[in-house]
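Asks: Sequence:
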Amino acid sequence: MSPFVLVIIVLVCLMLEGFFSGSELAIVTADPAMLKLKADKGEKGAECSLKFFERPQLLFSVTLVGTNAAVVTASSAATYFLIKNYGVEYAPFAILLSPLVLVFGEILPKSICQAKANNVAPVVAPIIWSIFRIIYPIVFPFIKLTNAMLGDIAKRWTSKHISREELASIISEETYGLDVTMKERKMLGRVFELADAEAKNIMVPLINVQVIDVSSKVSDAMALFDKGYSRLPVSEGRTDNIIGMLAFEDVLFAEENREIREFIKGVSYVPEVMPIYELYEVMQEKGEDVAIVVDEYGGAEGIVTLEDLLEEIVGEIRDEYELGEQHYKQISSGRYFISGKMEVEKVRAELGIEIPPGDYETLAGYMLSLFGRIPLVGERIEDEHAIYTIRRASTRVVIEIEAIKKVPNET
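Residue numbers for the sequence shown follow the numbering used here, so the first one is 1 and each next one is one higher.
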C-alpha cells in the first residue's frame, strides 16, 4: 500500500466519521417544533428527522455503526501500512491518528452541525434513513435488545407535545417561516404574557369607577347614564360593598321616582388572585360580561369586563367613535372626541377651540389644571370656550376627552 492510498483512505474515513457524528448531534439537538412545522409543509427531510427524534435508538444504531466502521477502517489501514513498510514494531505508531480522529472526526463536525442543527438535520436525515434501511438486518437484534432493556424509559425521553416555551419561541422568531403578521405575533405574545396574570392586573380600580347607591332613584341613574355610562356598579352602605350592576336598558323606560333596587342584576365576585384564563372561563360559563374583583376580606377592589380581558389579548377594542391614528375625531358640528395627548397649540389651530395659556402642553394637562386632580370617566367641566367630558382615563392620566364648542352667545 502506497502512502498516497493510505492518505486517501484516512481522509475518506475521517469524512465519514465526521458525517455520522455530526448528523447524530444535528438531529438530536434540532428544534422538534420547527421540524414539525416543516414536516407539515411537506418537507421529507423534516419528516425523517422527526422519525429519528421520536425513536432515537434507530438513529444511534446507524451513527454508531458508521463512526466505528470509519475509525476501525482508518486505524486498520494505518496499522497495515506501518507493518508492511516498516515492520511490526512500528504498529503502535498508528495511535498518532487519534488527534486527527478527535478533531476532524468529532469536535469540528459536531460543533458545526450543532450550530446549524435546524438546517442540517433535514438534509442529513434522509441519508441516514436510507443507510438504516440497508443495515437494518444487522442492527435489528440490537434495537430489540435495547428496547427490551429500556422499556418505557425511552418513551419518556421524547414528547410529541410542544412546550409553552417552544411555542413562545416560534411566535417570537421570524426565522420559523410562519405566515403570521407582526400584529398577530404581538397578539399571540400577549396570550403568553397573560398566562401568569391575575384579575388584579387588569381590573379597573374601584376608585376610578362611578358607583351608585342602591337607594338612588332612576332619575339619579339616568343623570349618570347621560354622561356616557352604559352600566353602573351598585353599592349598599359602603362604596366597596358592590351588590350588583345596573344597566341603562333596564331603566330606560322606568318611572324616574322608582328606586334602582328593583332593576339591579346579580354579578359574579372573583378573588383578585384568580388567574386570567380562569376568570375568562367563569365569565363565559355564566354569560356575564362584568365581574367584581374582591380582596381577601370580601371588599370590592375593582371591576373587570369581558372587553378588558379581550383587549389585553387582541389590543384595544375600538367603537365607531374612538380615535384611530389621529388625535381627534369630529362627531358633529362643534363636537369632537380628542386624545389627551393632543397639544393645546393644535387644538387651537385645527379645531378652533381656545385654550388659555398655562403650565401645560397637552389637552390632558389642561384637564388636570381645570379639575386640580385626575378626573373620573364621565366627569364634566367647562370653561369660557367649551364643555369638556372625560371619556377615558386611567389612575395616572386622562386618555380621551369629549369637547363641545360653545357658540358665541352661549353663557
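Bear in mind the hints are in silico, worked out from the structure with no lab data behind them. Being a predicted model, the structure only gives us computed values, none of them experimental. C-beta: ideal position from N, C-alpha, C; glycine also. Heads up, some of the hints might be wrong.
[Said to hold, decoys possible] If you anchor each label on the Cβ, the simulated ranges turn out as follows:
hint: 1; residue 1: GLY299; residue 2: ALA197; range: 49 to 57 Å
hint: 2; residue 1: GLY42; residue 2: ILE143; range: 37 to 45 Å
hint: 3; residue 1: GLU262; residue 2: ASP40; range: 52 to 60 Å
hint: 4; residue 1: GLY42; residue 2: ILE8; range: 34 to 42 Å
hint: 5; residue 1: GLY334; residue 2: PRO275; range: 45 to 53 Å
hint: 6; residue 1: ALA197; residue 2: ASN257; range: 42 to 50 Å
hint: 7; residue 1: ASP226; residue 2: PRO275; range: 17 to 25 Å
hint: 8; residue 1: ASN208; residue 2: SER111; range: 41 to 49 Å
hint: 9; residue 1: ILE8; residue 2: SER111; range: 22 to 30 Å
hint: 10; residue 1: SER111; residue 2: PRO137; range: 30 to 38 Å
Asks: All hints are to be evaluated individually against the structure, with a verdict given for each.
Replies: Against the structure, the hints:
1. GLY299 x ALA197: 49 to 57 Å: For ALA197 against GLY299, whose Cβ atoms are near 22 Å apart, the range 49 to 57 Å is violated.
2. GLY42 x ILE143: 37 to 45 Å: 29 Å Cβ-Cβ, so the 37 to 45 Å window is violated.
3. GLU262 x ASP40: 52 to 60 Å: holds, 58 Å
4. GLY42 x ILE8: 34 to 42 Å: Check passed, 39 Å falls within 34 to 42 Å.
5. GLY334 x PRO275: 45 to 53 Å: Roughly 47 Å apart at Cβ, these two residues keep to the hinted range, so it holds.
6. ALA197 x ASN257: 42 to 50 Å: holds, 44 Å
7. ASP226 x PRO275: 17 to 25 Å: violated, 37 Å
8. ASN208 x SER111: 41 to 49 Å: violated, 57 Å
9. ILE8 x SER111: 22 to 30 Å: With Cβ atoms ~25 Å apart, the hint holds.
10. SER111 x PRO137: 30 to 38 Å: holds, 34 Å
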